[in-house]
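> The listed protein sequences derive, respectively, from chains D and B.
Under our numbering, the first sequence is numbered contiguously, ending at residue 602.
Under our numbering, the second sequence is numbered contiguously, ending at residue 386.
In short, the hints are calculated from the structure, not lab data.
Heads up, some of the hints might be wrong.
Unchecked claim - List time: in silico DMTMM-like cross-link candidates among lysine to aspartate or glutamate, alpha-carbon distance up to 20 Å: (1) 219/B to 358/D; (2) 231/B to 363/B; (3) 270/D to 375/B; (4) 297/B to 375/B; (5) 479/D to 55/B; (6) 270/B to 124/D; (7) 69/D to 148/B; (8) 143/B to 81/D; (9) 438/D to 322/B.
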Amino acid sequence: MSTTDTRPADALRAGDRQADERASATKPLGGIAGWVDDRVGAAKGVSFLAKKVFPDHWSFMLGEIAMYSMIVCLLTGAFLTFWFVPSASQVVYDGSYIPLQGMTMSDAYRSTLDISFDIRGGLLIRQIHHWAALIFVVSVFVHMARVFFTGAFRKPREINWVFGTILSLLACIEGFAGYSLPDDLLSGTGIRAMNGFMQSAPVIGSYLSYFVFGGAFPGEAIIPRLYSAHVLLIPAILVGLFTAHILLVFVHKHTQYPGPGRTNNNVVGYPLLPVYIAKAGGFFFIVFGVITLISAVVTINPIWAYGPYDPSPITAGSQPDWYMGFADGALRLLPGFLEFETFGFTWSMNIFPGSLVLLPVMWTIIGAYPFVEAWVTGDKREHHLLDRPRNAPTRTAIGVAGITMYVVLFLAAGNDLMAIKLHLSINDITQTLRVLFFIGPPIAFWITKRICLSLQRADRQKVLHGRETGTIWRHADGKFEEIHAPLTPQERWVLVQHESPEPLQLTAGTDANGVDSPIARKERLRAKFSNFYFRDRVAPATPSELEAAHHEHDDHAAAPSGEHEAIEAGGAGRERETIKARKHD
Amino acid sequence: MNDHETTDHGTSTALVPAAGDGHDLLPASMIRDADQFENPGLPPHVHRAADDHPDAAKRAERQVATMFGLSMLATLVFLVSYFAIPDEATFFFPGIGVAKTQNVVLGLSLGFAIFLIGIGAVHWAKTLMSDEEIVEERHLQASTGEQRAKAVAMVTAGVESTQLTRRPVLKYTLGGALGLFALPLGLQVAGSLGPVNVEELKHTIWDPAENGGKPIRLMRDPEMTPIRFDEVTNGSVFHVMPETLQKHIDEGKHVLEAKAKAAVILIRLDPDKIKVQKAKDWGVDGVVAYSKICTHVGCAVGLYEQQTHHLLCPCHQSTFDLTEDCAVIFGPAKRPLPQLKITVDDAGYLVAPEGFHEPVGPSFWERAR
Numbered sequence: 018m019s020t021t022d023t024r025p026a027d028a029l030r031a032g033d034r035q036a037d038e039r040a041s042a043t044k045p046l047g048g049i050a051g052w053v054d055d056r057v058g059a060a061k062g063v064s065f066l067a068k069k070v071f072p073d074h075w076s077f078m079l080g081e082i083a084m085y086s087m088i089v090c091l092l093t094g095a096f097l098t099f100w101f102v103p104s105a106s107q108v109v110y111d112g113s114y115i116p117l118q119g120m121t122m123s124d125a126y127r128s129t130l131d132i133s134f135d136i137r138g139g140l141l142i143r144q145i146h147h148w149a150a151l152i153f154v155v156s157v158f159v160h161m162a163r164v165f166f167t168g169a170f171r172k173p174r175e176i177n178w179v180f181g182t183i184l185s186l187l188a189c190i191e192g193f194a195g196y197s198l199p200d201d202l203l204s205g206t207g208i209r210a211m212n213g214f215m216q217s218a219p220v221i222g223s224y225l226s227y228f229v230f231g232g233a234f235p236g237e238a239i240i241p242r243l244y245s246a247h248v249l250l251i252p253a254i255l256v257g258l259f260t261a262h263i264l265l266v267f268v269h270k271h272t273q274y275p276g277p278g279r280t281n282n283n284v285v286g287y288p289l290l291p292v293y294i295a296k297a298g299g300f301f302f303i304v305f306g307v308i309t310l311i312s313a314v315v316t317i318n319p320i321w322a323y324g325p326y327d328p329s330p331i332t333a334g335s336q337p338d339w340y341m342g343f344a345d346g347a348l349r350l351l352p353g354f355l356e357f358e359t360f361g362f363t364w365s366m367n368i369f370p371g372s373l374v375l376l377p378v379m380w381t382i383i384g385a386y387p388f389v390e391a392w393v394t395g396d397k398r399e400h401h402l403l404d405r406p407r408n409a410p411t412r413t414a415i416g417v418a419g420i421t422m423y424v425v426l427f428l429a430a431g432n433d434l435m436a437i438k439l440h441l442s443i444n445d446i447t448q449t450l451r452v453l454f455f456i457g458p459p460i461a462f463w464i465t466k467r468i469c470l471s472l473q474r475a476d477r478q479k480v481l482h483g484r485e486t487g488t489i490w491r492h493a494d495g496k497f498e499e500i501h502a503p504l505t506p507q508e509r510w511v512l513v514q515h516e517s518p519e520p521l522q523l524t525a526g527t528d529a530n531g532v533d534s535p536i537a538r539k540e541r542l543r544a545k546f547s548n549f550y551f552r553d554r555v556a557p558a559t560p561s562e563l564e565a566a567h568h569e570h571d572d573h574a575a576a577p578s579g580e581h582e583a584i585e586a587g588g589a590g591r592e593r594e595t596i597k598a599r600k601h602d
Numbered sequence: 018m019n020d021h022e023t024t025d026h027g028t029s030t031a032l033v034p035a036a037g038d039g040h041d042l043l044p045a046s047m048i049r050d051a052d053q054f055e056n057p058g059l060p061p062h063v064h065r066a067a068d069d070h071p072d073a074a075k076r077a078e079r080q081v082a083t084m085f086g087l088s089m090l091a092t093l094v095f096l097v098s099y100f101a102i103p104d105e106a107t108f109f110f111p112g113i114g115v116a117k118t119q120n121v122v123l124g125l126s127l128g129f130a131i132f133l134i135g136i137g138a139v140h141w142a143k144t145l146m147s148d149e150e151i152v153e154e155r156h157l158q159a160s161t162g163e164q165r166a167k168a169v170a171m172v173t174a175g176v177e178s179t180q181l182t183r184r185p186v187l188k189y190t191l192g193g194a195l196g197l198f199a200l201p202l203g204l205q206v207a208g209s210l211g212p213v214n215v216e217e218l219k220h221t222i223w224d225p226a227e228n229g230g231k232p233i234r235l236m237r238d239p240e241m242t243p244i245r246f247d248e249v250t251n252g253s254v255f256h257v258m259p260e261t262l263q264k265h266i267d268e269g270k271h272v273l274e275a276k277a278k279a280a281v282i283l284i285r286l287d288p289d290k291i292k293v294q295k296a297k298d299w300g301v302d303g304v305v306a307y308s309k310i311c312t313h314v315g316c317a318v319g320l321y322e323q324q325t326h327h328l329l330c331p332c333h334q335s336t337f338d339l340t341e342d343c344a345v346i347f348g349p350a351k352r353p354l355p356q357l358k359i360t361v362d363d364a365g366y367l368v369a370p371e372g373f374h375e376p377v378g379p380s381f382w383e384r385a386r
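With the hints as extra help, turn the sequences into a complete structure.
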């Protein structure tokens, strides 16, 4: 408020006027909103949030799918608790599903049958719950892959990566606990296997099993205990961590893909109010709606077809839900000879590594990755611009190698189904997958890295020689040539904006007296890693290279021959460039 | 912390600290130099049809309103169907099979009611709401030096006023108390989850002691009728429970716990095919009984391949060869399925006189002790 040209007497009324102004400013708020703001001051937060900017990209919606399907799970899960009875007490079924009438079963299974047959709309809610859970876990994983391949986990977002890692593990455990609750033959077999996993733990195995099951397997304790974990313990942690996850996104502001006008110190996109609320809010309804439509027409987990759990019968094709598949696959691949005895104690190394060790180890590696990469690169800067996966070839290759390993284990969980459907020998499939587990990832690493480097070279070429227009010109002398159109600065920017680090160089491995310093030893290891990461590089094109390429084109006009040295000028190798290009002139 | 340069021409390294400490110096290739392209800035904003043409805007409005309207209609369908469709109604759903009418109609109506709100809102946002991107500046995540110093000073002052630094005995006793108080809670949970009875893992109700020392008859599962030796024809398979299970069924408790270890599979094959003398001796003329609980993680080994005499566990595909005393010939299990010694009693029924000679089911630490 300017006070330079006011009369002194105005100062006396300044207070009054402010009150007037405040009154007039809050007038539109009025009503309940005004009442609330008087008490909590929410308007301050609203104005902060309303102008919060979110960048747009389809891949940012993967995390949203995870968030929304989790909310759908929470909602439908609350409904299901009204009818589900988490009890293993044996009852005789007298509900409306005729094939099972008169059978002895647990109350948990009986109540799940009731939800499916005798509670109107119950089957729909149950199916929405199960489908939403499956979509939740898959979207968590795909979201995680997006974050990994774009380098969104880099400083300052390492903590959020760790939160996300824990969330994904919890999602799997929550899912396992959930599908075990109906106590049908399939899920009971899963719990039976879980009991075997626990018994395989060295030293404490039997105790672990008796603790978890509250006595001998199966007992009556496991269903209520899984229920308590499924509806209370894990969801509480899940929701808490998820809230922290989202809060950190607000604190950090969302990352964005590189593009014209997008820099490391801005965020370009739509404001929360109204565009983002409409889009993201609308997307919640889309996700919820699609899950409901799927649940309307596609049966999931038809527990009535499996029958109640009994340790003696079994069905062929006993598989867990998909997200536990990789662990099940690991158990199928581990050869039996790994079990041995020392002093009469049994080491079940054919089970323990695949059951109790695999998950913690895998998630620890995933959670630790950002810190490893930061150490290797020595990069302590904040990163808010995402990498295009091709521009981080080694990271992308590591990711694909990891996914390959995962997929091999996942396929192994279906070795019996593959054998039946494809008329192959299950032994051959298993042996092949055993070999693939070891050689698949290196091959995938190598192929991915080559593809990334090729894509980078293609980017360079596009910058230096322009876009292929598909227009063929015939010259007066009969020569044909395709016209390349130069890129606009906006088009070009995406292809040249990235950094292309060189391996860290060691300056001196020894001190002045020629003695190895401990730091030097550590640094040598780091230099090795750095070399592994950045040895093969294709640097982005520079303005002077573009200038040189233009000159060369002009030369071509006079004498159309020779190679374009400029293409690989910044890169490691010097491949021959034989594509002729011509500036449109 | 304030030594970063903020360049305003928008390169991607504006948040670079001028220099790292010592050996963390960035390689030269990561510092942008003069010979690099400049960020060209935001491209010009392109108008949409609805921005310039009232007709297009009107059309968009009608489309959005139609979606919202259809959503209301779908909700109405749900409300009516909830009461109108009987629980037992089914119909043939092409490509899916016989479906429960109620589930399909309720699901589709609810699904569309929700889905149409979603695409209506998104379509609204994409056609009518402003699509002009706005730019928000970022700031270094770390607090400034002064902010940090202030925070440190406040915490130091707070700790100072507790006198913890001057009175170490408080520090140690508080630490001890906080460290220990969780123990009772942990002990309560861990200690009371049990009971633990590892010896129980080695015991099944095939033990003759369960039957007053008498041999135990093999019963069909789940009918619980005894099996005569002459009923077991060549190649046939019986799923078997011990006679002693009836007592558990009558008492109505621990049925599943007992079954989980007692399940047995009874098979008759040509005695000459059995290559192990012990396996032959423990059976009766080619009729042999083995534990059905997999020695891997305990699933029921329920798949018998008559031609090859292989028993396959459907969980992880461990394969046991019946002609080799159920030794593992493939898959993740290590140990053979334990054999149950059987004979024929005076009435011609199959009985197990001795029970299992080793623990059945998955391995555990103390198994061989």
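> State for each hint whether it applies.
Status of each hint after checking the structure:
1. 219/B to 358/D: holds, 17 Å
2. 231/B to 363/B: holds, 13 Å
3. 270/D to 375/B: Since the Cα atoms of residue 270/D and residue 375/B sit roughly 63 Å apart, the hinted pair is violated (cutoff 20 Å).
4. 297/B to 375/B: Distance of about 18 Å is within 20 Å: holds.
5. 479/D to 55/B: holds, 17 Å
6. 270/B to 124/D: holds, 15 Å
7. 69/D to 148/B: Status holds; Cα separation ~15 Å.
8. 143/B to 81/D: Given that 20 Å is the threshold and the Cα spacing comes to 18 Å, the pair holds.
9. 438/D to 322/B: Within the cut-off at roughly 18 Å; holds.
The structure shown violates just one earlier hint, number 3.
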